[in-house]
Amino acid sequence: MLVKNNVFRFIIASTLTTALSFSPLATAETTLANASVVVQNSFVVAQTTPLSFGTIVAFAENNSSVTSDTASLLVNSDGVTADTITNGTLSKIIPVVAATVATFTVSGAAPNTLLTITLPAAFDLTDPSLTDSKDFRVSTFTTSIVTSGSPFTYDTDGGGNMVFNMGATLTTDATLAVAVGAVAYSNVTFTNTYTMTVNY
Amino acid sequence: MRVLSTTALIVFFSFISWPAPVLAATITQQQALSFGTIALRDNSSAHQMNIAFDGTITADPAFIIISAGSPAEFLLSGFTANTLVNVSILVPSTTSVLAGAVDPSTSQFTIDNHHTFAPVLTTNLLGEATVNVGARLTTSGVGFYKDAMYIAPMTISVNY
Numbered sequence: 260m261l262v263k264n265n266v267f268r269f270i271i272a273s274t275l276t277t278a279l280s281f282s283p284l285a286t287a288e289t290t291l292a293n294a295s296v297v298v299q300n301s302f303v304v305a306q307t308t309p310l311s312f313g314t315i316v317a318f319a320e321n322n323s324s325v326t327s328d329t330a331s332l333l334v335n336s337d338g339v340t341a342d343t344i345t346n347g348t349l350s351k352i353i354p355v356v357a358a359t360v361a362t363f364t365v366s367g368a369a370p371n372t373l374l375t376i377t378l379p380a381a382f383d384l385t386d387p388s389l390t391d392s393k394d395f396r397v398s399t400f401t402t403s404i405v406t407s408g409s410p411f412t413y414d415t416d417g418g419g420n421m422v423f424n425m426g427a428t429l430t431t432d433a434t435l436a437v438a439v440g441a442v443a444y445s446n447v448t449f450t451n452t453y454t455m456t457v458n459y
Numbered sequence: 086m087r088v089l090s091t092t093a094l095i096v097f098f099s100f101i102s103w104p105a106p107v108l109a110a111t112i113t114q115q116q117a118l119s120f121g122t123i124a125l126r127d128n129s130s131a132h133q134m135n136i137a138f139d140g141t142i143t144a145d146p147a148f149i150i151i152s153a154g155s156p157a158e159f160l161l162s163g164f165t166a167n168t169l170v171n172v173s174i175l176v177p178s179t180t181s182v183l184a185g186a187v188d189p190s191t192s193q194f195t196i197d198n199h200h201t202f203a204p205v206l207t208t209n210l211l212g213e214a215t216v217n218v219g220a221r222l223t224t225s226g227v228g229f230y231k232d233a234m235y236i237a238p239m240t241i242s243v244n245y
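The listed protein sequences correspond, in order, to chains A and B.
In this text, residue positions in the first sequence follow our numbering: the first is 260, and each later residue adds one.
In this text, residue positions in the second sequence follow our numbering: the first is 86, and each later residue adds one.
Hints are computed from structural coordinates only; laboratory data are not their basis.
Derived contacts from chain B toward chain A, CB cut-off under 10 Å, selection only: (1) 111; (2) 118; (3) 126; (4) 150; (5) 164; (6) 194; (7) 230; (8) 237; (9) 241.
Partial chain B-side listing against chain A, Cβ under 10 Å, derived: (10) 110; (11) 119; (12) 120; (13) 123; (14) 125; (15) 171; (16) 175; (17) 239; (18) 242; (19) 243.
Glycine is no exception: its CB is placed at the ideal position from the N, C-alpha and C atoms.
Generate the whole structure from the sequences, applying the supplied hints.
What follows is the structure in structure tokens.
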């Protein structure tokens with residue numbers, strides 16, 4: 260009887276121990292983490308070839324009563340079509356060295372994404388040395404796509420790149436006020452800067 | 086003699102029913118919750134992007150997705166096999182901050198609506214389970230965003 264009681268107690272103890280070892284415990288495991296986002300609004304627009312109207316011989320009409328008499332040199336943005344020169348009565352442009360279109364390369368932009376190009380406003384080319392007070396007007400900008408994600412479309416390729424050209428028209432000075440007829444431009448370089456804007 | 090053999094049987098039973106040593110339960114991040122790399126066309130009003138727990142991405146047109154994001158993936162391991170566990174996500178702050186920098190001039194995002202497939206999961210035979218976490222990103226609708234990484238913390242808690 261004594262032996263039986265001991266066995267019974269052992270069974271009770273063993274069962275209790277076993278039950279305790281399986282009882283669910285309210286336990287929690289945690290770990291810290293971050294959610295993130297990377298903003299990359301900016302991308303690179305680089306001028307790989309500057310807009311140049313080449314080397315020319317130019318005459319401006321120096322008669323205030325005939326201000327519409329100008330000569331112009333149109334540089335086509337496709338980079339293939341020959342430059343178009345339109346001379347006035349006295350105003351002349353004679354090409355010596357051919358013009359080149361501007362070329363811009365976009366990189367680091369979102370892939371396969373349409374971009375918007377904002378052309379610059381008309382501006383003047385002037386002589387930084389002030390040897391010649393006359394200027395040229397640059398206006399009527401046009402663009403042509405060179406490489407992009409889709410033909411004839413201003414969208415980036417799979418790598419976020421795009422290349423496009425910009426052409427423009429150079430016009431001789433129409434603001435001269437001394438009536439002496441045609442006047443030649445000095446042999447200097449006329450320059451200016453402009454801003455090309457490309458947006459998503 | 087008969088009593089002794091009964092006792093031996095009970096002792097043996099007791100040992101085999103004793104639970105095996107429990108491995109340390111751990112939560113391991115396999116993949117971070119990321120909204121990817123984006124550009125914003127405009128921030129004049131608030132815009133949203135959602136990444137669901139299953140990886141589905143929906144975004145307002147104002148977002149330009151440069152590289153797509155992904156939901157977080159956590160591996161639960163060392164848990165008891167075939168056991169229900171409760172998963173909760175604690176978010177101390179839904180407002181993002183610049184990673185590794187302080188710049189009050191930039192706008193911040195709101196990251197909220199953290200979610201999983203279900204709050205209760207069952208571990209497998211190995212005592213493991215996978216938890217995917219998605220969330221929602223909302224722009225400020227005012228100001229601008231500097232090019233940078235923005236982060237917001239969260240804590241994954243598993244109760245069992």
